[in-house]
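So the protein sequences, as listed, match chains E and S.
Using the working numbering, you'd call the opening residue of the first sequence number 2 and step up by one each time.
Using the working numbering, you'd call the opening residue of the second sequence number 10 and step up by one each time.
FYI, nobody ran anything at the bench for these hints, they're computed from the structure.
Please read these numbers as outputs of a predicted model, since none were measured by experiment.
Cβ coordinates follow ideal geometry from the N, Cα and C atoms, glycine included.
Please note that a few of the clues may not be correct.
Quick list of in silico lysine to any residue cross-link-like pairs, SDA-like style, CA-CA up to 25 Å [as the list claims (entries may be wrong)]:
| id | chain 1 | residue 1 | chain 2 | residue 2 |
| --- | --- | --- | --- | --- |
| 1 | S | K402 | S | Q387 |
| 2 | E | K41 | S | P375 |
| 3 | E | K99 | S | Y68 |
| 4 | E | K79 | S | F217 |
| 5 | S | K168 | S | K85 |
| 6 | E | K79 | S | E71 |
| 7 | S | K218 | S | I258 |
| 8 | E | K75 | S | L315 |
| 9 | E | K38 | S | G394 |
| 10 | E | K38 | S | T257 |
| 11 | E | K26 | E | E4 |
| 12 | E | K7 | S | T144 |
| 13 | E | K41 | S | I401 |
| 14 | S | K338 | S | S406 |
| 15 | S | K402 | S | K425 |
| 16 | S | K194 | S | T257 |
| 17 | S | K169 | S | T144 |
| 18 | S | K218 | E | I11 |
| 19 | E | K38 | S | K85 |
| 20 | S | K169 | S | D261 |
| 21 | E | K38 | S | K425 |
| 22 | S | K169 | S | K194 |
| 23 | E | K7 | S | K169 |
| 24 | S | K347 | S | I258 |
| 25 | S | K85 | E | G101 |
| 26 | S | K363 | S | T424 |
| 27 | S | K402 | E | I9 |
| 28 | S | K218 | E | K99 |
| 29 | S | K377 | E | C37 |
| 30 | S | K218 | E | T22 |
| 31 | S | K363 | S | I401 |
| 32 | S | K194 | E | C37 |
Pairwise CB distance ranges (calculated) [claimed, not checked]:
| id | chain 1 | residue 1 | chain 2 | residue 2 | range |
| --- | --- | --- | --- | --- | --- |
| 33 | E | N107 | S | D88 | 28 to 36 Å |
| 34 | E | M83 | S | D88 | 34 to 42 Å |
| 35 | S | R136 | E | R66 | 28 to 36 Å |
| 36 | E | T22 | S | V286 | 42 to 50 Å |
| 37 | S | K338 | E | N50 | 31 to 39 Å |
| 38 | E | W33 | S | R92 | 52 to 60 Å |
| 39 | E | R91 | S | D404 | 32 to 40 Å |
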Amino acid sequence: MQENIKIICIGCPLGCEITLTIGQKGKVEDMWGNSCKEGKAYALEEYQNPARILTSTVRTKNCSRPLLPVKTTKPVLKTELMQCISALARIRVSPPIKIGEVVLDNFLETGVDVIATDNL
Amino acid sequence: MNLQGMDIDVAVIGAGPAGMAAAIKAREKGAENVLIIERDTRLGGLLHQCIHNGFGLLYFGENLTGPEYSHRFTEKLLDTGARALLETMVLRISGEKEITAVNRRDGLFTIKPKSIVLAMGCRERSRGNINLHGTRPAGVLTAGTAQRLVNIEGFLPGKKIVILGTGDIGMIMARRLTLEGAEVKAAVEILPYAGGLIRNEVQCLHDFKIPVFLQHTVTKIYGEKRVRAVDIAALDANNNPIPETKRTIECDTLLLSVGLIPENELSTAAGIKLDPVTGGAVVNEARQTNVEGIFAGGNVLHVHDLVDNVSWESEIAGEYAARFAGGKKPPAGQITLKAGRNIRYVLPQIISGKNNVDLYLRVREPQKKVIIKMGGIQVGKTIPGVKPSSMIKLDLSAEDQQKFKRNEIVIDCLTKGD
Ligand SMILES: Cc1cc2nc3c(=O)[nH]c(=O)nc-3n(C[C@H](O)[C@H](O)[C@H](O)COP(=O)(O)OP(=O)(O)OC[C@H]3O[C@@H](n4cnc5c(N)ncnc54)[C@H](O)[C@@H]3O)c2cc1C
Ligand code: SF4
Chain E
2 MQENIKIICI GCPLGCEITL TIGQKGKVED MWGNSCKEGK AYALEEYQNP
52 ARILTSTVRT KNCSRPLLPV KTTKPVLKTE LMQCISALAR IRVSPPIKIG
102 EVVLDNFLET GVDVIATDNL
Chain S
10 MNLQGMDIDV AVIGAGPAGM AAAIKAREKG AENVLIIERD TRLGGLLHQC
60 IHNGFGLLYF GENLTGPEYS HRFTEKLLDT GARALLETMV LRISGEKEIT
110 AVNRRDGLFT IKPKSIVLAM GCRERSRGNI NLHGTRPAGV LTAGTAQRLV
160 NIEGFLPGKK IVILGTGDIG MIMARRLTLE GAEVKAAVEI LPYAGGLIRN
210 EVQCLHDFKI PVFLQHTVTK IYGEKRVRAV DIAALDANNN PIPETKRTIE
260 CDTLLLSVGL IPENELSTAA GIKLDPVTGG AVVNEARQTN VEGIFAGGNV
310 LHVHDLVDNV SWESEIAGEY AARFAGGKKP PAGQITLKAG RNIRYVLPQI
360 ISGKNNVDLY LRVREPQKKV IIKMGGIQVG KTIPGVKPSS MIKLDLSAED
410 QQKFKRNEIV IDCLTKGD
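Can you build the whole structure from these sequences, using the hints too?
Next up, the structure:
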């Protein structure tokens, strides 16, 4: 059983549509559509490990600004983004907070922290 | 500080990334008294509401969020000893470089700096700028307004959202609203391709399986007090809606992400000549406008794709503003650059022919394997692909410019081999 999946490369404005042929046990057997080798590396990573840095906000208390912007220190698997958002929705932070300070540590035991991206 | 009659070398209007970069550079290049004037309560401009990442990849080689990118510059700005005047609105600039401004502490006052950098940024096109039929209920807002509501003020503008336009802010809001629990029912784009950066198309629309309707538009809005639904339809070759393709989408919010316009009311009143295509001033390589001693940088000059380019460009304006304040005039422009095949605009519009310059270009349509020719001579290497949403930065050496035979040089974007 083989399956083709398509990945759009974000490496440059050309946006090549790269097709990967996936064989048994999810092995990449073929790839075409990329115009350069950066595209190849990108498509492999995007297939094997689709993860994103998550940026969001958390609510504040005792502060005139209702929100503090935050981000994850490392990419989070796409499938875990929503869980991360729910975890953030439960948090309240109060000033003072320094940019870079951890507001949620080791999210879902993944080794990923959520840090402040602004002073509060 | 007593502002009236204060001795100022360089005054910068607007403290977004453009204004901060210009003020820092002006200080570094020896301007003694640099004053930056900002109407908001904080330095940073629009970066505060841009909480997503993707900033600084070129400038810092790091993937920063908007607030982080801003923070780097605010720290540096304060270190350089430039002075910032917050919650102060500039009302008028005269052709003689006299600035009239107002704030609560000082009231109405005027200052006369030796040079000025315009860095007022841009604003979004709103419903008034485009043609939308139907009722005028609540729930129609620009993507940038929604961004401020969600990211700064902390509430969701609606639950069921349709976005008209796939500019970067629109795509970024599609992701943000989805993460915050809203349902984005459609992203509707008039063009046959998404309007913003590829990275946003993939990570904001595809990642969240947001239905995208290309070559479509919103033809009607329903609802009395609040938006209830919109009609969308496919467009024919002449961009007219095809009635048979009409469908109604239930929603409570319509976000408009249909383009940005440089904020130039102040500039026009100062007698500054604008470029009808960019909506910003016509400038030379020093980023000086036709009014001597008034410079401009960032989105007030042309709408940029990346904030990194905003910073670089404004540093040029800041540097030459500092020199001007010190009595040195920028190189006089002699060569006018004109947009040719598949070029929408080029900036700066005027160059002296004597210095290395970075040109910023935008194309009209996507094109593959392109070479750029100036006055028939190829400049730079072959570029794999270009898109209207991504600016092209081109290094033009003084040597290249020696080859130009005329005072008017046409720039063409050609397919290699043609
Ligand atoms: C809603 C919106 C969202 C955006 N999101 C992104 C994004 O996600 N990523 C991205 O790369 N780019 C984004 N952009 C583009 C963004 O504007 C630029 O990247 C960058 O912020 C431009 O910098 P700037 O300094 O030119 O303008 P701005 O950041 O807009 O700064 C201009 C400053 O001038 C001040 N000002 C204006 N007029 C006056 C006056 N008369 N008196 C005193 N002060 C004045 C304003 O208050 C503001 O602080 C966005 C633009 C908009 C409109
Ligand atoms: S494969 Fe290469 S040419 Fe194609 S989009 Fe990616 S980086 Fe650009």
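Structure-based check of each hint:
The straight-line distance between the Cα atoms of K402(S) and Q387(S) is roughly 14 Å, inside the 25 Å bound, and the hint therefore holds. As the CA atoms of K41(E) and P375(S) are separated by approximately 23 Å, the hinted pair is consistent with the 25 Å bound. Straight-line distance between C-alpha atoms of K99(E) and Y68(S) comes to about 23 Å, which keeps the hinted pair within the 25 Å bound. With a CA separation close to 10 Å, the supplied pair K79(E) and F217(S) stays within the 25 Å bound.
Taking the CA atoms of K168(S) and K85(S), the gap is near 41 Å; set against the 25 Å cutoff, the hint is violated. Under the criterion of a C-alpha separation no larger than 25 Å, the hint pairing K79(E) with E71(S) is consistent with the structure, at around 21 Å. With a CA separation close to 17 Å, the supplied pair K218(S) and I258(S) stays within the 25 Å bound. Between K75(E) and L315(S) the CA atoms are separated by roughly 23 Å; this keeps the pair inside 25 Å, and the hint holds.
Taking the CA atoms of K38(E) and G394(S), the gap is about 16 Å. The hint holds against a cut of 25 Å. For the given pair, K38(E) sits about 44 Å from T257(S) by alpha-carbon distance, which is inconsistent with the 25 Å threshold. For the hint pairing K26(E) with E4(E), the CA-to-CA distance comes to about 11 Å; that is within 25 Å, so the pair holds. Restraint check for K7(E) and T144(S): not satisfied, since their Cα atoms lie roughly 41 Å apart, outside the 25 Å limit.
Restraint check: the Cα-Cα separation between K41(E) and I401(S) comes to about 24 Å, which is no more than 25 Å; the hinted pair holds. Only pairs whose Cα atoms come within 25 Å are accepted, and K338(S) paired with S406(S) is accepted, the gap being roughly 21 Å. For the given pair, K402(S) sits about 18 Å from K425(S) by alpha-carbon distance, which is consistent with the 25 Å threshold. Distance check on the hinted pair: K194(S) and T257(S) sit about 11 Å apart at the alpha-carbon level, within 25 Å; holds.
The suggested pairing of K169(S) with T144(S) holds, with an alpha-carbon distance near 18 Å, which does not exceed 25 Å. Of the supplied pair hints, the one linking K218(S) and I11(E) holds, its CA atoms being roughly 17 Å apart against a limit of 25 Å. About 38 Å separates the Cα atoms of K38(E) and K85(S), which puts this hinted pair outside 25 Å; it is violated. The straight-line distance between the Cα atoms of K169(S) and D261(S) is roughly 5 Å, inside the 25 Å bound, and the hint therefore holds.
Restraint check for K38(E) and K425(S): the C-alpha separation of about 21 Å stays at or below 25 Å, so the hint holds. Only pairs whose Cα atoms come within 25 Å are accepted, and K169(S) paired with K194(S) is accepted, the gap being roughly 7 Å. For the suggested pair K7(E) and K169(S), the alpha carbons sit about 29 Å apart, so the restraint of at most 25 Å is broken. Among the hinted pairs, K347(S) with I258(S) is inconsistent with the structure: their alpha-carbon atoms are about 44 Å apart, more than 25 Å.
At roughly 17 Å between alpha-carbon atoms, K85(S) and G101(E) fall within 25 Å of each other, so this suggested pair holds. Between K363(S) and T424(S) the alpha-carbon distance is near 29 Å, which puts this suggested pair outside the 25 Å criterion. Straight-line distance between C-alpha atoms of K402(S) and I9(E) comes to about 24 Å, which keeps the hinted pair within the 25 Å bound. For the suggested pair K218(S) and K99(E), the alpha carbons sit about 35 Å apart, so the restraint of at most 25 Å is broken.
The straight-line distance between the Cα atoms of K377(S) and C37(E) is roughly 14 Å, inside the 25 Å bound, and the hint therefore holds. For the hint pairing K218(S) with T22(E), the CA-to-CA distance comes to about 22 Å; that is within 25 Å, so the pair holds. Note on K363(S) and I401(S): the hinted pairing holds, with a Cα-Cα distance of about 22 Å set against a maximum of 25 Å. For the hint linking K194(S) to C37(E), the alpha-carbon distance of about 35 Å lies beyond 25 Å, and the restraint is violated.
Look at N107(E) against D88(S): about 35 Å separates their beta carbons, and that is inside 28 to 36 Å. At about 41 Å, the beta-carbon gap between M83(E) and D88(S) stays in the expected band of 34 to 42 Å. A C-beta distance of roughly 29 Å is found between R136(S) and R66(E), which places it inside the suggested range of 28 to 36 Å. In this structure the hint that T22(E) and V286(S) lie 42 to 50 Å apart at CB holds, the actual value being about 45 Å.
Under the hint 31 to 39 Å, the C-beta atoms of K338(S) and N50(E), about 55 Å apart, miss the expected range. One distance hint, 52 to 60 Å for the beta-carbon pair W33(E) and R92(S), holds here, with the actual separation near 58 Å. Against the hinted window of 32 to 40 Å, the Cβ-Cβ separation of R91(E) and D404(S) comes to about 50 Å, which falls outside the hint.
Hint violations for this structure: numbers 5, 10, 12, 19, 23, 24, 26, 28, 32, 37, 39, all remaining hints satisfied.
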